[in-house]
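Undergrad: If you want the building blocks of each chain, they are given just below.
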Amino acid sequence: MSGIFYLALRHIRYHALRSLTFVLVVATLITIPLLGRLLTHAAEVRMLSRAEATPLVYGAKGSALELVLAGAYFRGSLEANATMADYRWLLSTKLAQLAPIHWAGSSATYPIIGTDIEYLSLRSLEVAEGRKPVRVGEVVLGAEVATALRLGVGDEILSDAEQAFDLAGAYPVGMTVSGILAHSNSPDDGAILTDLKTSWIVAGFGHGHEDLSTAVQSSILKQSEDLVTANASLPTHIQITSDNLDSFHLHGSDETQLLTAVLVFPDDVKAAALIQGRVADQRLNHQIIRPIDPIGVLLENVFAVKKVLDRVIVALSVAALFALGLVLALSVQMRSREFDIAQRLGGRKGLPALLVLGELSLLCLAALAVSAALVGVVQSAGTEVINAWLLEVVQ
Amino acid sequence: MRLLFPFLTSFILAGTAEQSLAADPLRRVFVANAPLAYFVDTLSGGSIEVVYPVPQGIDPAFWNPTPEDVLAAQGADIILLNGAGYSSWAKSAVLPRGRIVVSAAAFKDRLIADDGPKHQHGPEGAHSDGAGMAFTTWLDPELAMLQLEATAQALIEKWPDLAAGVDTARANIESEIAEMDTAFERFFARTEGRQIITSHPVYQYLERRYGQSPVPLHWEPDVMPDQREWSRFEALLESAKSPLLIWEGEPDPEIADNLDRMGVDWLVISPFANASNRTSLFSQIAAQVSAAE
Numbered sequence: 001m002s003g004i005f006y007l008a009l010r011h012i013r014y015h016a017l018r019s020l021t022f023v024l025v026v027a028t029l030i031t032i033p034l035l036g037r038l039l040t041h042a043a044e045v046r047m048l049s050r051a052e053a054t055p056l057v058y059g060a061k062g063s064a065l066e067l068v069l070a071g072a073y074f075r076g077s078l079e080a081n082a083t084m085a086d087y088r089w090l091l092s093t094k095l096a097q098l099a100p101i102h103w104a105g106s107s108a109t110y111p112i113i114g115t116d117i118e119y120l121s122l123r124s125l126e127v128a129e130g131r132k133p134v135r136v137g138e139v140v141l142g143a144e145v146a147t148a149l150r151l152g153v154g155d156e157i158l159s160d161a162e163q164a165f166d167l168a169g170a171y172p173v174g175m176t177v178s179g180i181l182a183h184s185n186s187p188d189d190g191a192i193l194t195d196l197k198t199s200w201i202v203a204g205f206g207h208g209h210e211d212l213s214t215a216v217q218s219s220i221l222k223q224s225e226d227l228v229t230a231n232a233s234l235p236t237h238i239q240i241t242s243d244n245l246d247s248f249h250l251h252g253s254d255e256t257q258l259l260t261a262v263l264v265f266p267d268d269v270k271a272a273a274l275i276q277g278r279v280a281d282q283r284l285n286h287q288i289i290r291p292i293d294p295i296g297v298l299l300e301n302v303f304a305v306k307k308v309l310d311r312v313i314v315a316l317s318v319a320a321l322f323a324l325g326l327v328l329a330l331s332v333q334m335r336s337r338e339f340d341i342a343q344r345l346g347g348r349k350g351l352p353a354l355l356v357l358g359e360l361s362l363l364c365l366a367a368l369a370v371s372a373a374l375v376g377v378v379q380s381a382g383t384e385v386i387n388a389w390l391l392e393v394v395q
Numbered sequence: 001m002r003l004l005f006p007f008l009t010s011f012i013l014a015g016t017a018e019q020s021l022a023a024d025p026l027r028r029v030f031v032a033n034a035p036l037a038y039f040v041d042t043l044s045g046g047s048i049e050v051v052y053p054v055p056q057g058i059d060p061a062f063w064n065p066t067p068e069d070v071l072a073a074q075g076a077d078i079i080l081l082n083g084a085g086y087s088s089w090a091k092s093a094v095l096p097r098g099r100i101v102v103s104a105a106a107f108k109d110r111l112i113a114d115d116g117p118k119h120q121h122g123p124e125g126a127h128s129d130g131a132g133m134a135f136t137t138w139l140d141p142e143l144a145m146l147q148l149e150a151t152a153q154a155l156i157e158k159w160p161d162l163a164a165g166v167d168t169a170r171a172n173i174e175s176e177i178a179e180m181d182t183a184f185e186r187f188f189a190r191t192e193g194r195q196i197i198t199s200h201p202v203y204q205y206l207e208r209r210y211g212q213s214p215v216p217l218h219w220e221p222d223v224m225p226d227q228r229e230w231s232r233f234e235a236l237l238e239s240a241k242s243p244l245l246i247w248e249g250e251p252d253p254e255i256a257d258n259l260d261r262m263g264v265d266w267l268v269i270s271p272f273a274n275a276s277n278r279t280s281l282f283s284q285i286a287a288q289v290s291a292a293e
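In the order they appear, the protein sequences are chains D and H.
Residue numbers for the first sequence follow our numbering, so the first one is 1 and each next one is one higher.
Residue numbers for the second sequence follow our numbering, so the first one is 1 and each next one is one higher.
Here chain H stands alone, though its shape is the one from the complex:
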């Protein structure tokens, strides 16, 4: 059964990023994903040029910048990264260290490990080559608040004249995040007792925040799962109580038809990692959750 209406998807994709005509080209902030772009845009009242070169249709977490993109980052006053292993490209990119702000730096101890193999050589012991962390941090309202705080601090520190405007805008974004929190609480209260399945393991922080233990798949919304995957899914459904499948993006109609035929409830909760319309981004997340009621 389809719980999310197509207008939401078009709402997400149709708009353009809010850009103020008053953006000062001498003040540039390079951002790693749409939520951070939204923070900077809104906190600065559009007075800062936001450099966000990730093309539509690409997950910013796995985006690979061109040399020109990295040069653009090098030219920014602040390079605002998400942290938690997001933007793996930054590991091998040449960036000015003093201008990097990691929005998740304040809650390093609260990050969720995304298990991957480690290796060992020499006396240094085991170490991982990177990634290894769940990174959709802003879906946990508490962590989103901390990321907002880090962004606001970085902007005020760099441009003290923005302080008053940043404080006002921050209060508005905090209201939006609280709205998202309420929407998620109501959603999970309503779905209590149901087996939640996720199309991808990207909701770890959301799950922890609301005490959920979903079963993750590795399905892409635009790639039809093969027969073996469907068989596994059917086996999973046999033991699942009233299953509910959460997609991170609108699945292809063919996949949706299959799920409907199987009588599986599904909905889309997009993390909005690369939303083109960043107006009231957290209200949009809340809206898509509320729309599933």
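Chain D on its own, in the form it takes in the complex:
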């Protein structure tokens, strides 16, 4: 039997290019459905686990999916339409622990998420290096952000200029990295987390400037006993440090500050039902939803599309297999003289078939190896990217 495989191997090596083509075609036929199954499963697990870990999301009425994607997955472009008054109202129900979410902007495309320090414990996020933020202007980075931006504890991070040509727009704000989160295999890995006050400053809802009572006279437009009005020459800080911290303040009252969503973690099932009922009764312009519902619908749609794609792939695979069969048949026909010589040299009657089967076995084994390698590579590094792409696609 080893002689058969020796001859098959020699033949494969002699026709290296043709054999390689065969291996790649078969590997592709095996890999595509496998990858499809793997990625959709990974996406399903990842998205469902986040949805299950977020019992309820509160926000302005509108698309439930957009609210969930913005509040729990930090994706999309939902405008902040809830306020701190909503958060205080939810807090007053004493039925749940809360994590307000404010999407302030981005830094190098990674989202800057303003929240309450309670968020870290509600999500069981551990600080792997450094410490939690303790003052305005400090951030903790998700593991993926720290690696991608090569930032460590004590480094500075600058928010992206949202409106480069808007002279009245918010300045980019410099913040300090106080800590880096341990990898959590969740959207938090790709987020920059900070306190709400910092995020409101980043979004332009607050700013810092020099003490007007000691400001240079050229900056003062008018001054009365209890009011000082300054002109636009008053310098605006872009770096929040411990030295200028006290000069930062927010416009408007705390209650009117904006939130993108509020994550609600009820104390128990009864509390969840009560809070949903109260929102429905008392907050007519808002909604509270179970993320699992819109995410379930989203995944159903994704899987419906996948089923169609699966059928297309099956049809293409059948066509490809017919083509391969044809090539194989032609190859056997072309090798009839070779098989005839082998018979004359004393080869067994079934030798040609054994030779072809041996070659096919070796080529299919090679295709399986290539396919396994591809799946392994994608599984180790590519699912996150594909999942992120998937989220972008569905928005």
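Quick caveat, the hints were computed from the structure, so don't treat them as lab data.
Fair warning: this is a prediction, and the values are worked out from it, not measured in the lab.
The reader is advised that the hints may include incorrect statements.
Unchecked claim - Restricting the straight-line Cα-Cα distance to at most 25 Å, the calculated cross-link-like pairs of lysine to any residue (SDA-like) are:
#1 D:K349 with D:L7
#2 H:K91 with D:H249
#3 H:K158 with D:L122
#4 D:K306 with D:P294
#5 D:K270 with H:K158
#6 H:K91 with D:L122
#7 D:K94 with H:A106
#8 D:K306 with D:P33
#9 H:K91 with D:D254
#10 D:K270 with D:N285
#11 D:K94 with H:L146
#12 D:K94 with H:D161
#13 D:K270 with D:L91
#14 H:K108 with D:L91
#15 H:K158 with D:P266
#16 H:K108 with H:L146
#17 D:K349 with D:L9
#18 H:K158 with D:T93
#19 H:K241 with H:R209
#20 D:K94 with D:I289
#21 H:K108 with D:W89
#22 D:K270 with H:W159
#23 D:K61 with D:I289
#24 D:K94 with H:E49
#25 D:K61 with D:Q276
#26 D:K306 with D:V25
#27 H:K241 with H:L259
#28 H:K91 with D:G130
#29 D:K306 with D:V318
#30 H:K241 with H:E220
Keeping the supplied structure of chain D fixed, place chain H upon it in accordance with the hints.
TA: Below, chain H alone, put in the same frame as chain D:
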């Protein structure tokens, strides 16, 4: 003339905070000043770990915590703040909002504005950057009672098993506050008609409660006023009828000698904002006022 005896100061400084051996380290309350620490200690019967990291010699209203202090606050079950602009550090600190209890929240409308400049930009109109409120609220017995009530409610809400003990201890503290009220009423009745001067503007709630209109200085007990300040003080004395100077802390002997030479009566009424000995804190305040008789 010296109206307050040195033993009171030593009484304030010598003791240690009452701490029960039974304090449960899993139940932590971070507090902003000594009166609130006293409330929690007493209401819980020492069964709660009180986190109060303000070092001695520093006014808790203007204390700046280290990152470790803020992390300690983040780890507490309740963060009990005074309110009225006290603990200005909390404005820029990262704290879990759901665990913050502001003991003065129930009487926001009764706070006294401490005038400071405002500024204006954009359509939002004028706003102040902070502070702007008188904050020694607990010197008004009525407000102290409300702060006590807020503290008791927060403890019971968080740990319902403490309810019975809290109610009993609360009655005891209310008696102490009533004792302080009586002491102040007697003191101001006795000093009626005299011009009261305060070393610092920290007695606003006390003044309002007992209908006083003192003239505030900006003198520190341990910093000798310069010649200009002494001259202003002398000018003030010329128009003042039988002046009485109230210090928030024991003045340096040199300052006290100067006042004695000028024939100015003075006494110390400490708000006990950072008292190390918090045993019967409101009785201590009453005692220092009564001792001036």
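Undergrad: Against this structure, judge whether each hint is valid.
TA: Hints, verified against the model:
1. D:K349 with D:L7: Judged against 25 Å, a Cα distance of about 16 Å means the pair holds.
2. H:K91 with D:H249: Holds: K91 of chain H and H249 of chain D sit about 9 Å apart, inside 25 Å.
3. H:K158 with D:L122: holds, 18 Å
4. D:K306 with D:P294: Distance of about 18 Å is within 25 Å: holds.
5. D:K270 with H:K158: holds, 19 Å
6. H:K91 with D:L122: This hinted pair holds, its Cα atoms lying about 23 Å apart.
7. D:K94 with H:A106: Holds - the C-alpha atoms of A106 of chain H and K94 of chain D are around 18 Å apart, at most 25 Å.
8. D:K306 with D:P33: holds, 10 Å
9. H:K91 with D:D254: Holds. K91 of chain H to D254 of chain D sits at ~11 Å (cutoff 25 Å).
10. D:K270 with D:N285: Holds. K270 of chain D to N285 of chain D sits at ~23 Å (cutoff 25 Å).
11. D:K94 with H:L146: holds, 21 Å
12. D:K94 with H:D161: Given pair K94 of chain D, D161 of chain H holds - Cα atoms ~18 Å apart, limit 25 Å.
13. D:K270 with D:L91: holds, 16 Å
14. H:K108 with D:L91: Status holds; Cα separation ~19 Å.
15. H:K158 with D:P266: Between K158 of chain H and P266 of chain D the Cα gap is close to 16 Å, so the pair holds against 25 Å.
16. H:K108 with H:L146: holds, 11 Å
17. D:K349 with D:L9: holds, 20 Å
18. H:K158 with D:T93: OK: K158 of chain H and T93 of chain D at ~14 Å, within 25 Å.
19. H:K241 with H:R209: Within the cut-off at roughly 22 Å; holds.
20. D:K94 with D:I289: holds, 18 Å
21. H:K108 with D:W89: Satisfied, since the Cα-Cα distance of roughly 18 Å is no more than 25 Å.
22. D:K270 with H:W159: Given that 25 Å is the threshold and the Cα spacing comes to 20 Å, the pair holds.
23. D:K61 with D:I289: With Cα atoms ~10 Å apart, K61 of chain D and I289 of chain D stay inside 25 Å; holds.
24. D:K94 with H:E49: The hint holds at about 24 Å.
25. D:K61 with D:Q276: Since the Cα atoms of K61 of chain D and Q276 of chain D sit roughly 14 Å apart, the hinted pair holds (cutoff 25 Å).
26. D:K306 with D:V25: holds, 22 Å
27. H:K241 with H:L259: holds, 16 Å
28. H:K91 with D:G130: This hinted pair holds, its Cα atoms lying about 23 Å apart.
29. D:K306 with D:V318: holds, 18 Å
30. H:K241 with H:E220: holds, 24 Å
Of the numbered hints stated above, none is contradicted by the structure.
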